[in-house]
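Peer 1: Sequence:
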Amino acid sequence: MTLVAGVDSSTQSCKVVVRDLETGAVVRTGRAGHPDGTEVDPAAWWEALQRALADAGGLDDVAAISIGGQQHGMVVLDEDGAVIRPALLWNDTRSAAAAAALIEELGAQAWAERTGSVPVASFTATKLRWLRDAERENAARVAAVALPHDWLTWRLLGYGPDSPRGPRLDALTTDRSDASGTSYWGADGYDLDLLERALGHRPQLPRVLGPSEEAGRTDSGIVVGPGAGDNAGAALGLGAGPGDVVVSIGTSGTVFAVTDDPVRDASGTVAGFADASGRFLPLVATLNAARVLASTATLLGCDVDGFAALALEAEPGAGGLVLVPYFEGERTPNLPEATASLHGMTIASTTRSNLARAAIEGMLCGLATGSTPCAHRRRGAAHPPDRRSRAEPRGAAGRLAGVRCARRGADSRGVCGRRRRRPGRVGADRLATGLGPHLGGRAITGPSTGDPGPVRGRPRLSAGLPRRAPGSRPASASPRERGGEERYAHYSAS
Numbered sequence: 001m002t003l004v005a006g007v008d009s010s011t012q013s014c015k016v017v018v019r020d021l022e023t024g025a026v027v028r029t030g031r032a033g034h035p036d037g038t039e040v041d042p043a044a045w046w047e048a049l050q051r052a053l054a055d056a057g058g059l060d061d062v063a064a065i066s067i068g069g070q071q072h073g074m075v076v077l078d079e080d081g082a083v084i085r086p087a088l089l090w091n092d093t094r095s096a097a098a099a100a101a102l103i104e105e106l107g108a109q110a111w112a113e114r115t116g117s118v119p120v121a122s123f124t125a126t127k128l129r130w131l132r133d134a135e136r137e138n139a140a141r142v143a144a145v146a147l148p149h150d151w152l153t154w155r156l157l158g159y160g161p162d163s164p165r166g167p168r169l170d171a172l173t174t175d176r177s178d179a180s181g182t183s184y185w186g187a188d189g190y191d192l193d194l195l196e197r198a199l200g201h202r203p204q205l206p207r208v209l210g211p212s213e214e215a216g217r218t219d220s221g222i223v224v225g226p227g228a229g230d231n232a233g234a235a236l237g238l239g240a241g242p243g244d245v246v247v248s249i250g251t252s253g254t255v256f257a258v259t260d261d262p263v264r265d266a267s268g269t270v271a272g273f274a275d276a277s278g279r280f281l282p283l284v285a286t287l288n289a290a291r292v293l294a295s296t297a298t299l300l301g302c303d304v305d306g307f308a309a310l311a312l313e314a315e316p317g318a319g320g321l322v323l324v325p326y327f328e329g330e331r332t333p334n335l336p337e338a339t340a341s342l343h344g345m346t347i348a349s350t351t352r353s354n355l356a357r358a359a360i361e362g363m364l365c366g367l368a369t370g371s372t373p374c375a376h377r378r379r380g381a382a383h384p385p386d387r388r389s390r391a392e393p394r395g396a397a398g399r400l401a402g403v404r405c406a407r408r409g410a411d412s413r414g415v416c417g418r419r420r421r422r423p424g425r426v427g428a429d430r431l432a433t434g435l436g437p438h439l440g441g442r443a444i445t446g447p448s449t450g451d452p453g454p455v456r457g458r459p460r461l462s463a464g465l466p467r468r469a470p471g472s473r474p475a476s477a478s479p480r481e482r483g484g485e486e487r488y489a490h491y492s493a494s
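First residue of the sequence shown: 1, per UniProt numbering; consecutive thereafter.
A portion of the hints provided could be inaccurate.
[As the list claims (entries may be wrong)] Have a look at the derived ranges for each label pair, beta carbon to beta carbon:
1) His343 <-> Leu312: 46 to 56 Å
2) His343 <-> Ala63: 46 to 56 Å
3) Asp305 <-> Val245: 54 to 64 Å
4) Ala187 <-> Asp219: 30 to 40 Å
5) Ala187 <-> Glu137: 43 to 53 Å
If you are wondering where the hints come from, they were derived from the structure by calculation, not from laboratory data. For each residue, glycine too, the CB sits at the ideal point set by N, CA and C.
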């Protein structure tokens with residue numbers, strides 16, 4: 001039996017899954033927590049990786065490993081390979097003014113054409129511009145810029161200031177999916193002019209690997225795959241292809257599709273990212289997702305199970321109580337300085353159960369995080385059948401699929417089992433009416449068949465996507481798509 005390991009270094013924790021390469025069967029798992037905050041010393045990720053690997057039984061019998069994780073985080077290294085300052089994570093919005101300045105300098109259309117996306121405070125380039133303006137001495141020391149999964153792969157291969165192979169900055173690697181979230185990479189590769197515009201000079205960047213390339217081998221001979229950004233890893237693990245849409249609720253909330261062609265949306269609603277298989281991954285992201293539930297549960301003084309029970313006691317619409325969940329600002333819509341707010345409070349509506357339900361409904365209907373109340377809210381707020389992954393965690397599963405690519409030099413297959421369910425329509429109109437005015441006039445539901453059409457001015461994921469003739473299907477359409485007009489979604493909680 002050949003064993004491979006997938007690692008998901010996410011915002012809140014590091015997860016390791018060890019599987020049989022041929023059957024996909026889970027052999028063992030491990031997990032370790034990450035520090036809270038939006039600014040983290042990368043050393044904490046390395047320590048968590050070591051603990052998670054130990055928890056999973058180590059790597060002595062593992063043939064290959066691949067690391068992926070949270071995107072956009074700014075890891076800056078000096079010429080000796082030392083980390084210059086704590087990494088700014090994707091959900092750190094202090095670079096909002098820098099993002100606005102970069103857009104003003106070139107225009108949104110130019111950014112979209114060159115990188116597929118319009119800069120927001122989450123993206124790496126905006127954080128580099130913030131560093132240039134706010135910490136000039138640190139900015140001048142930057143000899144290399146990496147992303148979280150790039151840096152961890154580098155360390156795992158034995159590189160670093162105090163590591164056996166030394167601080168070779170030219171040994172840094174990344175993949176297309178993670179590089180595409182920087183705002184200085186486009187479909188044709190790095191755009192060094194944009195990098196220099198952001199930071200003021202051109203530091204070393206990780207070499208971008210293809211899906212079947214190795215990042216290298218450890219001293220013990222373990223193959224290290226290219227890794228991926230978290231959402232691309234989830235898509236890979238689910239086996240998502242053209243025509244599929246994935247909804248993923250983790251620390252952030254994302255909706256993304258897989259396409260053969262790059263997407264360039266100058267409105268900034270859809271980010272034109274790449275995926276981990278050689279295709280593209282147009283994506284809409286929100287900053288506030290699972291932590292909205294955790295924070296509300298803490299406020300209510302209950303654990304996850306207690307929170308679930310409370311939410312299920314309330315009716316759809318939470319008695320008119322509406323929670324706008326912008327606890328950490330927001331990325332879509334682009335409101336980095338926004339805060340959360342609670343509306344519709346009356347003596348009758350302000351109950352613990354209504355607040356629990358309002359938190360879920362406010363988090364864009366709590367689309368399938370895997371918890372019981374989210375599953376119920378999903379069935380009450382939207383209509384199409386969904387396919388839900390049964391394997392945990394999907395992000396790490398995607399890294400395993402990446403290992404398959406690296407070892408076999410071929411396209412990967414999804415490694416997560418899925419089951420299908422058909423939601424109902426209970427409370428959908430009520431929820432849309434209640435939330436729409438508080439979410440910038442955007443409703444969150446739509447018809448279940450045919451063209452969904454604009455509902456209360458909501459932006460559509462298809463903005464900027466290549467269009468097909470009405471009624472046509474992509475050449476790769478699966479049997480379920482060819483057989484009817486139903487829309488499907490995958491769900492992931494990486």
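Peer 1: So, for every hint listed, does it hold in this structure?
Peer 2: Verification of the hints:
1. Between His343 and Leu312 the C-beta distance comes to about 22 Å, which lies outside the given range of 46 to 56 Å.
2. Against the hinted window of 46 to 56 Å, the Cβ-Cβ separation of His343 and Ala63 comes to about 54 Å, which satisfies the hint.
3. Checked against the given bound of 54 to 64 Å, the beta carbons of Asp305 and Val245, roughly 30 Å apart, lie outside it.
4. In this structure, Ala187 and Asp219 meet the distance hint of 30 to 40 Å, their C-beta atoms being roughly 36 Å apart.
5. The hint said 43 to 53 Å for the Cβ distance between Ala187 and Glu137, and at roughly 35 Å that hint is violated.
Hints 1, 3 and 5, counting from the list given before, are not met by this structure.
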